[in-house]
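Listed in order, the protein sequences are those of chains A and B.
Per the working numbering, the very first residue in the first sequence carries number 1; after that it's consecutive.
Per the working numbering, the very first residue in the second sequence carries number 1; after that it's consecutive.
Treat the hints as calculated values from the structure; they're not laboratory data.
Hints are not guaranteed to be accurate.
[Unchecked claim] Reference excerpt, derived from the structure (chain A facing chain B, CB under 8 Å, subset only): (1) Val82; (2) Lys93; (3) Leu95; (4) Ala104; (5) Leu202; (6) Val203; (7) Ser207; (8) Ser208; (9) Ala238; (10) Glu325; (11) Val336; (12) Lys337; (13) Phe338; (14) Tyr352; (15) Ser376; (16) Tyr469.
The beta carbon of each residue, even a glycine, is placed where N, CA and C say it ideally should be.
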Amino acid sequence: MKELHQLGVAELAAAIANKKTSAVEAAQLLLARARQHQALGAYLAFNEDATLAQARAADVRIAAGERGPLLGVALAHKDIFVTTDFPTTAGSKMLAGYQSPFNATVVQRLTDAGAVTLGKLSCDEFAMGGSNENSAFGAVLNPWDASRVPGGSSGGSAAAVAARLVPAATGTDTGGSIRQPASFTGITGIKPTYGRCSRYGLVAFASSLDQAGPMARSAADCAALLSAMAGPDIDRDATSLDHPAENYSAALLTPREGTSATQPLKGLRIGLPAEFFGAGCTPDVLAAVRGALTEYEKLGATLVDISLPRTELSIPVYYVIAPAEASSNLSRFDGVKFGHRAAQYNDLADMYQKTRSEGFGPEVQRRIMIGTFVLSHGYYDAYYLQAQKIRRLIAQDFQQAFTQCDVIAGPVAPTVAWKIGEKSDDPLANYLADIYTLSTSLAGLPGMSVPAGFGAGAMPVGLQLVGNYFKEGELLHTAHAFQLATDWHTRAPQGFWQ
Amino acid sequence: MSAPKSLLVQGYEVVIGFETHTQLATKSKIFSRASTAFGAEPNTQACAVDLALPGTLPVMNREAVALAIRLGLALGSHIAEHSVFARKNYFYPDLPKGYQISQFEIPVVQGGEVSFLLGEEKKTVRLVRAHLEEDAGKSLHDAFHGMTGIDLNRAGTPLLEIVTEPDMRSSLEAVAYAKELHKIVTWIGICDGNMQEGSFRCDANVSVRKPGAPLGTRREIKNLNSFKFMQQAIDFEIRWQIDQIEDGHPIQQATVLFNPDTGETRAMRTKEDAADYRYFPDPDLPPLVVSNEWVQEVRATMPELPRQMAERLVRDYGLPEYDAATMTQSPAMAAYFETVAKASGQPKMASNWIMGELSRRLNAQEKDIAESPVSAATLAALLQRIADGTVSNNAAKQVMDALWSGIDSNLDAIIESKGLKQVSDSGALDALIDDVLATNAPMVEQFRAGKDKAFNALVGLVMKASKGRANPQQANDLLRQKLQ
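Looking at chain B on its own, in the form it has when it is part of the complex (with noise of 0.2 Å):
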């Protein structure tokens, strides 16, 4: 795959490839049943096993397995019916047993691929696989003077890390992966997508190349928690790696840290310090076995996936593909937009005003569409005050604002009390109408004479007369009748 003249960065492809760290939503941890909620006092959610104390072991928690095949399912992998546990081993403080047990030669979801649209071009970057393992602990170094403190609440939380072939060309093009990927997370209820809290961590690994060479040597980027953050490290990374690769200096594989501060990747360690982990099956798990059953089990509690309602607003309600994108981007909002459709009959009314509208004071506000003031079923009664002409599309937008603000919930008692109604009534627009024509003669005069400016003056006159409420369809009619 190579990408086209437009992307080369001063003459460079860019490879990107991502590992991403999905926190997954168990109550329990991966191998014991302490909690995982977030937030607690440090060392207060850590159990024996938790502590790696002696003779302390671990159990599989087959509600994290559970939510890998949910991964595999909606990303069209291949679900291994035997998948092996390893132990990675190091020593850290915050890693209690002195390894990690990870699944390396054998993982439990196997291939798959995420689509999105990159503009209006669809992208579809291929996985390698996404494998189950347990997080550590953190390591507080700023908490105690001297000294570094272990909070172990986080240890053993499990973690689907999802690991995609070096598919994306540019940084765009790995956000919009990246936001699909959470998109499909959260959508589908593996993870709760908070990227502050660290549920979904992501790790790029960025090489620069001529066209039609071989992959140059990668570095990886650690942690990447924000899309913005994202974006500017890869972008920075790049430059950084062509700057040196011009200058003669060979790329070093390493694994870099971005620091928003400064805009920079700054390497933590190179592959000379890279340590021998000594991967080995772990003796203490059994093989995971995944059976049909059990897959067709988890198939069954699948929601329909955002691509593929994407598809169905597309052929049902006959939506754009970027409406009908956005309005996938979350569960919530799918369900938002549906409603709103079904009960205005209104579908592109409905996503215009979604995309717009609402979404302008939802952003203002940072509230997410669930927490919406305006619900889908009032938005939908504004709406269909739009297409019955009750109300202009502008005068709803105020009545939007009053809905808003929570001062009436009554729909039609703000259109009355504000006085927005359209006046569709064909005999006072008559007498409006009279009187325009009568106070304005030389611009009738001037019509006659075949200048049709005229005309829209003449439209924008009672418009004004009828303080915007005239039905401007209705006006327009019954003037061209009126000077015929």
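Only chain A is shown next, with the shape it has when bound in the complex (with noise of 0.2 Å):
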């Protein structure tokens, strides 16, 4: 018998409807291994009477004969979804404190589902970061080696999801965000096509490609997250799209068309693109990922080569047009009207100069600054208008690989998890790490990273699998067939099982 801690989302929601333990006695022992686990930094904020008020809800409505994927299913969220129990601050200064009136609409639907709250998440600053040591409140540590980082910018909720500090969390993906600390830990994540979540309540980073999503210890997992996360928010979000929440959890067991127990995957074409596959990419990470296409074409899958000839322009144009939305969206920390105001200033320009300063850390104010620079008149053509151009060549090119293959796979980024420090002071090598998770943001497209084995370090390495539009129970399917026939992802970091 596993212990509670050592329980996925479809376990522990079994355990709990089976009265084997309570919604209230998983979050209070999952509250105080958190809470012994602090040093990872996972964590940002906790409300205990909050957290077992929800959980009380949940037992009563157990005791009153109702199921639920999710009922009881202890969760945590990261500090970038506003949240009416718990202080909300996207990892900055400028939001220490901050409490918010309304859940996210994420939130609320999972409240609603029956989960169970533990806290919040540490991340990035405003989301801007791919290491987490962006976070106002000092850099998280990542389970398989403390002296690494756990990826970012939802690098708390992947560090907290593989130290089975809670079995599933939310996270945010802008330009890989999910997919990438999910790699860098060993877990499962999905980004689901861009407005597949409502964006309502999410602190915003860049409009166009912020992209709400689960990440847990498996496929199956994330799906039943994000059966509850999905759907419509049409009078929220304007970009939530209309197309009804679908059961991700039937569909990873619906067996493809002409298939056998043996051959789950048969007729599935799976492309590989030549530019993940290049010099760039770490051998390390190759080998990991070739032996999860090995696996895969066991499995019946067929592999095919393809071409997204504009990667390597993904960077670039990612790195005007989140800027460029950031530093809109980020207009509204004025100090005015919440969040930190400077305390002595002489004017109105002055007030906003120095709360801004003070508010903002270093990566924050660059992408600000960035942002200002290539939508300033003048420069707006040459760089906004141009990168959205080439944003969507970009998603052509996804559209003409999809007439070859069904779903497109390759590494999640070029390393493993790489040092703390290492590189924070060279933010440019921080944005190539990105290239191979960008264009699938830019694109809209669905993407989830799945544990593919390890590489240099011993650290895990992620498979990135890549769907076409609404294409998520497919992702999951497809990840799910291959989480049956491997245990990559049911392995823990030293020190994290018991």
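Make one complex out of these two single chains by using the hints.
Structure follows, in structure tokens:
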């Protein structure tokens, strides 16, 4: 018998439903475990009273005979989702202690499904970063090696799930912020199609790219969460897609047509973009990815060579568009209405300047400056407009590729998790590390990271799977088939299994 | 388009273009569900979206779009099938998001025109565009000592900014345009037109040039919120610009404010301080799509427009153009007129009375025609009494006074009790005339001797003897008969 913290979402839900434990007992145990491992830096906020109240409410529903895949299951949210029961900081001094009067739609949907929120998880400030070192509240350590980063920006979510502090967490992905930390910590995460999950209640980074998604220890658990999270929210988010919610858990169990038990992926064409397998990727990562692809062939899938010719362009395009939107989205943090305000100032301009200089960290300031520059008179056409044009071409490249394959596969990141501090003085190196995840975000496509083995330093390596629009079900099915045949996703970092 | 010589001011041609912010009469804000009602306690009508709380997003209010379509249909504009919301970025405490959402490159209403009479002359001002945007909040600089208060009730109120070509050539024409536009937006129900509450705010771009020269540098007079100030401000600005040029100082592009107390305009900021607003399409809002079906749906609810209605009044009732234009100042006046004209069968008398007796009394009490104490049906009945000779026009004014004061609402009872009925009974008039002839024999002699003036004097004596109640035409006819 596993201990409670070792259970995934489905197992915990079953244990609670079968009265082996209660939502309250699970919440108490996991809260205690989270506090015991505070050195990881994953959690930013707890509210035990609120958590236990939610757990008791779940237990009442269970006692009344209600059952549900998330009923009583403990979760935690990236601190980019606003919540009424916990402060929301977005990892920034600017919002230290900020209390939202409403819940993000995604949070509310999970709560309505009976999930119990343990607390808020650290992230890079305003979700800007790929190492979680940009949080104003300290770095998060990678549970596999405390000297390494957990990835980012959903680094707290990834570390907490990997360290068995919580069975699943929410994350957001703007240019890879779910997939890359999932890869770095050996967990499973999915970024849905842009607009599939409501952005209402996400502290905005880049509006045309931000997308919420689940992070868990298996594709099956991600499916359970995503089924509750996704769905239209058109009265609150005009970019929310008016496309009915789906039961992704059912999609996992539905066999593909013409397949067999030993060849469950027969007929599935997996496209391998040449640009993802070049010299930029370290050999250890490539080896793990190739190993996973061999496994897929055993499951019946066919590997197809494809090309995404503008992959390299996705870096400059992303680092024009995302900062442009961010520079505007972050204008509301001006010290007037909420959040940090400088204590001393001479006049209005001085108040703005001091407030924003004190409240924002260096990476956020850098992106605000880049964004302000590319939108400025005389530069807009050359940078922003040009980037938008290439963005459309990148999306077309994917559509071209999907005529040859059903799913695209490759590495999530060129390396395993790097050492804390290794790249913190080199923003460009950080940006280049996003090369395999940015194009998917720019195209608005769903993508996920699936544990595929280990690389240098015995650090986890993720396999990236990218599907066409609304193909989350197919992606999760493809990942689930792999996880039925492999055990990479069940590996726990040393010291965090017990 | 060049102005006739008569319009030149000290040899300069005046060029004026307008930007008018009309507050759309929606129940809720353009991107949130908060109420737009005016006058509430500060910050009680600002929801999380209006406060720009983290995580909030704008969602388009379709009612505001429908009102923009109405304007486009009224002014013969092109309604764009796709239009785009952009962000205009600048920092100000009453701008909660740090940017204003406004249509920039592709507005929903494109082109169109406003036509009106300036005296006898028909003028047409071309529109460039009308675009949807949100209003900012208000900074209250005087409410708190040493501090500025922010009221965000107005933040997110839907505005339609209506921009003209620089087609106007005098302050009079500019005011006439503004009045016509004001009439149209209230007529089609997209704006309450309340200028004091800021529902209809005009910015005038004014420049001067020698005839035939390229356009001069313009200065923009902001926030003209009364027609009176509008004309004063533009006239001052014209004189100021001409003086500057004559003194050898070129005009600097600037934004100016009019001070009603001094009657002067003063520069607020010049082009050098112009901000770079870093416009870009708002990624939170997909392009606004207006289908042909939607336009047709709105078209089906459009009322007859004032200009069409005026043409009809000329055609169907034989009204002079001036009367027709006046009767179509507001939907209430037009409805009042049509009721009176139809019920009385006296359209010209109806417009005369509405423009004269009724308007005078309404203006004295600062009442709108919709609040007139004398209903259209009652006025129609009164006009019928004039037409059928029951009362004279003068006596009818006394009846109107009585009706207005509300002492009595029974028209015929008033006529009776005040003894205002015209004497048309030939027997009574016969006796009266005989009496006048008998007591004024010398005058009768004079008439018979060929002095026509004596006849008029005799008519006057008859009218006097009847205390004005004799039907003048009848008195005239009878007198002539008796003297023959």
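Now the hints, each set against the structure:
no., hint, in the structure
1, Val82, "4 Å, holds"
2, Lys93, "14 Å, violated"
3, Leu95, "7 Å, holds"
4, Ala104, "6 Å, holds"
5, Leu202, "6 Å, holds"
6, Val203, "4 Å, holds"
7, Ser207, "4 Å, holds"
8, Ser208, "4 Å, holds"
9, Ala238, "5 Å, holds"
10, Glu325, "5 Å, holds"
11, Val336, "5 Å, holds"
12, Lys337, "6 Å, holds"
13, Phe338, "7 Å, holds"
14, Tyr352, "6 Å, holds"
15, Ser376, "6 Å, holds"
16, Tyr469, "15 Å, violated"
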